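Colleague: Chain residues, written in single-letter form:
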Amino acid sequence: MGEILKTVINLVAVFAIPFIIGSFVLYGIFKKVRVYETFVEGAKEGFNTAVRIIPYLVAMLVAIGIFRASGAMDLLVAVLDPVTRLIGMPGEALPMALMRPLSGSGSIGIMTDIMKVHGPDSFIGILVSTMYGSSETTFYVLAVYFGAVAVKNTRHAVLAGIIADIAGALGALFIVKVLFG
Amino acid sequence: MLNYIWLGLIVIAILVGVGYDIRDEVVNTYQNGQELTAEIAVMSLAGSAASAVSPDGVLPPGKYQGMLKISGRRFSEFYRLKSADTSLFLQPVALSISGGSAGSPSSQNTLIITLNDATPQFWRDMAQAAGTKTTLTGLLKSFRIGPAGVSLASFTLSPVSFVKMRKITQAAVDYAGTAVTISLGLIGIMALWIGIMKIAEEAGIIRFITKLVTPLTRRLFPDVPSDHPAIGAMIMNISANMLGLSNAATPLGLKAMEDLDTLNQKKGVATNAMVTFLAINTAGLTFIPATAIAIRVSLGSASPTVIVGTSIIGAACATVAGITAAKLLEKLPVYRRALELDPPKDSGSTDQKGA
Numbered sequence: 001m002g003e004i005l006k007t008v009i010n011l012v013a014v015f016a017i018p019f020i021i022g023s024f025v026l027y028g029i030f031k032k033v034r035v036y037e038t039f040v041e042g043a044k045e046g047f048n049t050a051v052r053i054i055p056y057l058v059a060m061l062v063a064i065g066i067f068r069a070s071g072a073m074d075l076l077v078a079v080l081d082p083v084t085r086l087i088g089m090p091g092e093a094l095p096m097a098l099m100r101p102l103s104g105s106g107s108i109g110i111m112t113d114i115m116k117v118h119g120p121d122s123f124i125g126i127l128v129s130t131m132y133g134s135s136e137t138t139f140y141v142l143a144v145y146f147g148a149v150a151v152k153n154t155r156h157a158v159l160a161g162i163i164a165d166i167a168g169a170l171g172a173l174f175i176v177k178v179l180f181g
Numbered sequence: 001m002l003n004y005i006w007l008g009l010i011v012i013a014i015l016v017g018v019g020y021d022i023r024d025e026v027v028n029t030y031q032n033g034q035e036l037t038a039e040i041a042v043m044s045l046a047g048s049a050a051s052a053v054s055p056d057g058v059l060p061p062g063k064y065q066g067m068l069k070i071s072g073r074r075f076s077e078f079y080r081l082k083s084a085d086t087s088l089f090l091q092p093v094a095l096s097i098s099g100g101s102a103g104s105p106s107s108q109n110t111l112i113i114t115l116n117d118a119t120p121q122f123w124r125d126m127a128q129a130a131g132t133k134t135t136l137t138g139l140l141k142s143f144r145i146g147p148a149g150v151s152l153a154s155f156t157l158s159p160v161s162f163v164k165m166r167k168i169t170q171a172a173v174d175y176a177g178t179a180v181t182i183s184l185g186l187i188g189i190m191a192l193w194i195g196i197m198k199i200a201e202e203a204g205i206i207r208f209i210t211k212l213v214t215p216l217t218r219r220l221f222p223d224v225p226s227d228h229p230a231i232g233a234m235i236m237n238i239s240a241n242m243l244g245l246s247n248a249a250t251p252l253g254l255k256a257m258e259d260l261d262t263l264n265q266k267k268g269v270a271t272n273a274m275v276t277f278l279a280i281n282t283a284g285l286t287f288i289p290a291t292a293i294a295i296r297v298s299l300g301s302a303s304p305t306v307i308v309g310t311s312i313i314g315a316a317c318a319t320v321a322g323i324t325a326a327k328l329l330e331k332l333p334v335y336r337r338a339l340e341l342d343p344p345k346d347s348g349s350t351d352q353k354g355a
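Protein chains in written order, with the numbering used here: chain A, 1 to 181; chain B, 1 to 355.
In isolation and in its complexed conformation, chain B is listed as follows (with noise of 0.2 Å):
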């Protein structure tokens, strides 16, 4: 299933790019070509530069620095956005005069704008869509001088095409990386835990703890031996998730997956205990959802805790259904079929690597 689902999610994925983009070209969402007019400011000219400003307003060929000036509603008109943020906001921007007025068509005059803090997401869309991240860059058609250095400019911005696409290269790659940064960030807290349940284990705490949870697993793992480490690894799991101690919690989890390979028979396939242990990890239950009340008490909450006895709740609800659903799925002939040992050919070879 985890196949289907991983499948899915890529195909999916690559077809809806795929048609956002077609759709974008189509429709011409990022406006490519068409001129945006607004304010610019422009800072360099306030001292004894200004006079060099000819009476039309043609500025003389050079480098300046400058303010653009957009209205969000002018902005969400533009690129036809169903944003209802109608307030002004700045960028820096950089002028590039190479001579020529502004606007013949021999001209090359450019602007880059500096994105900041205040430029809206579809410009930084774009912007990461263009490769340059951190700034836009584009054509002056027309810029002319007004009084007070403060003048309308008409420009376009270069071509962006094809942002899913872009996008979606963007996120392979980064989650790859992303994907060793986790796993290596583990090995550290992985050795202090299993660390730690090794002296656990030889010092009989484990084996305490077990007991004293016997009732509850045998009915949960019918297929673990009751003293079996795998016991004792997967309750001190599942108590450090409810205690919200995530960090101890998945090098615990991973032991358990483990212990509980060591009574697999067919390596490879999941057995019913891992099922039924997955079903409840993933429900998480946890009485302190820590991360959730952070994020709140950093927003301002007037009461950050008032989820705790809502998320038990919750996740009371996940770790009933999914031990109910895991228990009955098991049944199933189609998941039984797959725990045979008979037939090699069943799900084919499995663990053929080496290392």
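Isolated chain A (complex conformation) (with noise of 0.2 Å):
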């Protein structure tokens, strides 16, 4: 089963990009779409677009930076430990929950150290990587999101975004003490 999955992930990974932009230019072509310029015309608004992002971007990632520099992560860690523990979740895998949302090369760390220590194999091992792969950075996503079109007022659209990662690492951390724990 898992060799199956591994091959399946392997192929999607592989074929996924050249087959979609394969298959959607040769269809344009069938449609009689001038691809070419469709293509260019596309192209010149990505660049746009990305230079847009620029001052939204710097603003959050400057403001994560320094709080992760500050070491106020260990602060939080040690301020929540005893009510996450009330629910089961690993101590070690706090500080996860907590930079999944701000970080993605910072919880990458997180997830590698842990997995370093306690083996990727282990009930805690599988609980980092299940946070990593059950989540996004949201705070990056909605930066880039937003700084995209420009919104300035964004409602709320962080309090859903937090919600939905609390509601995700709870359930990582269901789903794998059941099956793991």
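Keep in mind that the hints are not guaranteed to be accurate.
[Said to hold, decoys possible] Pairs of lysine-lysine residues, derived as DSS-like cross-links and limited to a Cα-Cα distance of at most 27 Å, are as follows: (1) Lys-152(A) - Lys-266(B); (2) Lys-116(A) - Lys-82(B); (3) Lys-6(A) - Lys-177(A); (4) Lys-211(B) - Lys-31(A); (5) Lys-133(B) - Lys-116(A); (6) Lys-267(B) - Lys-152(A); (7) Lys-6(A) - Lys-116(A); (8) Lys-133(B) - Lys-82(B); (9) Lys-211(B) - Lys-32(A); (10) Lys-31(A) - Lys-44(A); (11) Lys-69(B) - Lys-141(B); (12) Lys-44(A) - Lys-32(A).
Derived by calculation from the structure, the hints in this document are not laboratory data.
Remember, it's a predicted structure, so these values are computed and weren't measured experimentally.
Assembling the complex is the task here: the two chains are given apart, and the hints tell you how they should meet.
Modeller: Following this line, the structure appears as structure tokens:
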């Protein structure tokens, strides 16, 4: 089962992009679209979008960067640890849950460290990699996506994102506990 | 809300940083001015130079290369660390003896420790704070050559202070650069995918995909006409995320946001559809958590893909919770008011800048 899954994953990773590009362009020609001109026209917009998100990304990443550098995370973990232990979350996994929405590279670092110490197939190793796999870098996504359309009043987006993150972490904890605990 | 989170991250970081720095000063975490004793094997003494050592073990003036040996236990004791690592570690060290017997107050005998893979994180942090990064410098207080070139040295390392403040400064500068690198790195991939999307739009592929999922999207995004290009871009983005194609997902997602913004009555304020879309997006539902699997493989996992199922369930919880939260919260008066058009002072001027 695992082997088949691995093969499927590899196949998708290798073929998806060439397949999408190839089939879209071929179908475009079939539909008599002037594919080259159309592509270039669209590609021009890409540049503007990428440049437009720079200030938003700088603002967000600098705040997250100094937060990580200050050691505030350790403090937050110390404060939350007694609470999360009540629901059976191992203390080592808590930094992962807190870092995941903030920083992709930071959470990869935490995940790798934990798996190096406890082993990737240990309960906590499976838990942190599930947590990584079952969520996104919420604040990065919000900054970039809203930056692209210059939205400054994000309304309930942050709250909804945080609620989703908490639900994701709890869901991951629950299912890993049931299957591997 | 992003405002407060942003402010919170910065203020908390600086307060915590200052707090840690004051504590470090008070308890002398970095043992500034304290003498650490360790073994140093001087290498360049092997040949004829050995004869130059005076009988009481004092080195003649000059520069020497050596190897510093400290046991992990001694290191943890000295710095009052909780680390359980008791293994011996070796650090290349350069000594500079400027004459006079080491230990006399006038002599300025120094040592420079070059950091390597074995260096404990604690020393790395100290080197980072001292600004030297790959080396640690210190003063040799006493040094006597024993038999076979091995000897006990005691030394103090250059004082280190305000480590967190320095780290914060460094992080601010580094991350500002990282943000630009990421954005510029997106240019090519953005151009590629938005170009492909344009072809798909013209060829009618997007309209086809959109029609397939209309029953779903009409409920999720009631404000967006079901044949609007935004629907196509959102579906493409969510599908790319599900397949683990994060390179393609971001450009498609940004395209979706731009398409959604064409329906936005009040520029600069997020619409309900945008928030719902981002709730789905940040929940990160993926069938192929490629990064996590790759790291598990690299760490020698016996079953790296075992997390696929658990990740899908975790992300499904996040997706359901995110959509529910977005749908419920958008009904709250606070958030509804932000969308109202009439009172111009409501959220201040949002889009006054050119460019």
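Colleague: Hints first: check each against the structure and report whether it holds.
Modeller: Verification of the hints:
Annotation: proposed proximity of Lys-152(A) to Lys-266(B) holds, straight-line Cα distance about 11 Å (limit 27 Å). Our distance criterion of 27 Å between C-alpha atoms is met by Lys-116(A) and Lys-82(B), whose separation comes to about 19 Å. Of the supplied pair hints, the one linking Lys-6(A) and Lys-177(A) holds, its CA atoms being roughly 23 Å apart against a limit of 27 Å. Between Lys-211(B) and Lys-31(A) the CA atoms are separated by roughly 18 Å; this keeps the pair inside 27 Å, and the hint holds.
About 25 Å separates the Cα atoms of Lys-133(B) and Lys-116(A), which keeps this hinted pair within 27 Å; it holds. As the CA atoms of Lys-267(B) and Lys-152(A) are separated by approximately 9 Å, the hinted pair is consistent with the 27 Å bound. Between the alpha carbons of Lys-6(A) and Lys-116(A) the distance comes to roughly 22 Å, so the proposed pair stays at or under 27 Å and holds. This hinted pair checks out: Lys-133(B) and Lys-82(B) have alpha carbons roughly 24 Å apart, not beyond 27 Å.
Of the supplied pair hints, the one linking Lys-211(B) and Lys-32(A) holds, its CA atoms being roughly 21 Å apart against a limit of 27 Å. Restraint check for Lys-31(A) and Lys-44(A): satisfied, since their Cα atoms lie roughly 23 Å apart, inside the 27 Å limit. Restraint check for Lys-69(B) and Lys-141(B): satisfied, since their Cα atoms lie roughly 17 Å apart, inside the 27 Å limit. Pair hint Lys-44(A) plus Lys-32(A) holds up; C-alpha atoms about 22 Å apart against a cutoff of 27 Å.
Violation of the numbered hints given earlier is absent; every hint is satisfied by the structure.
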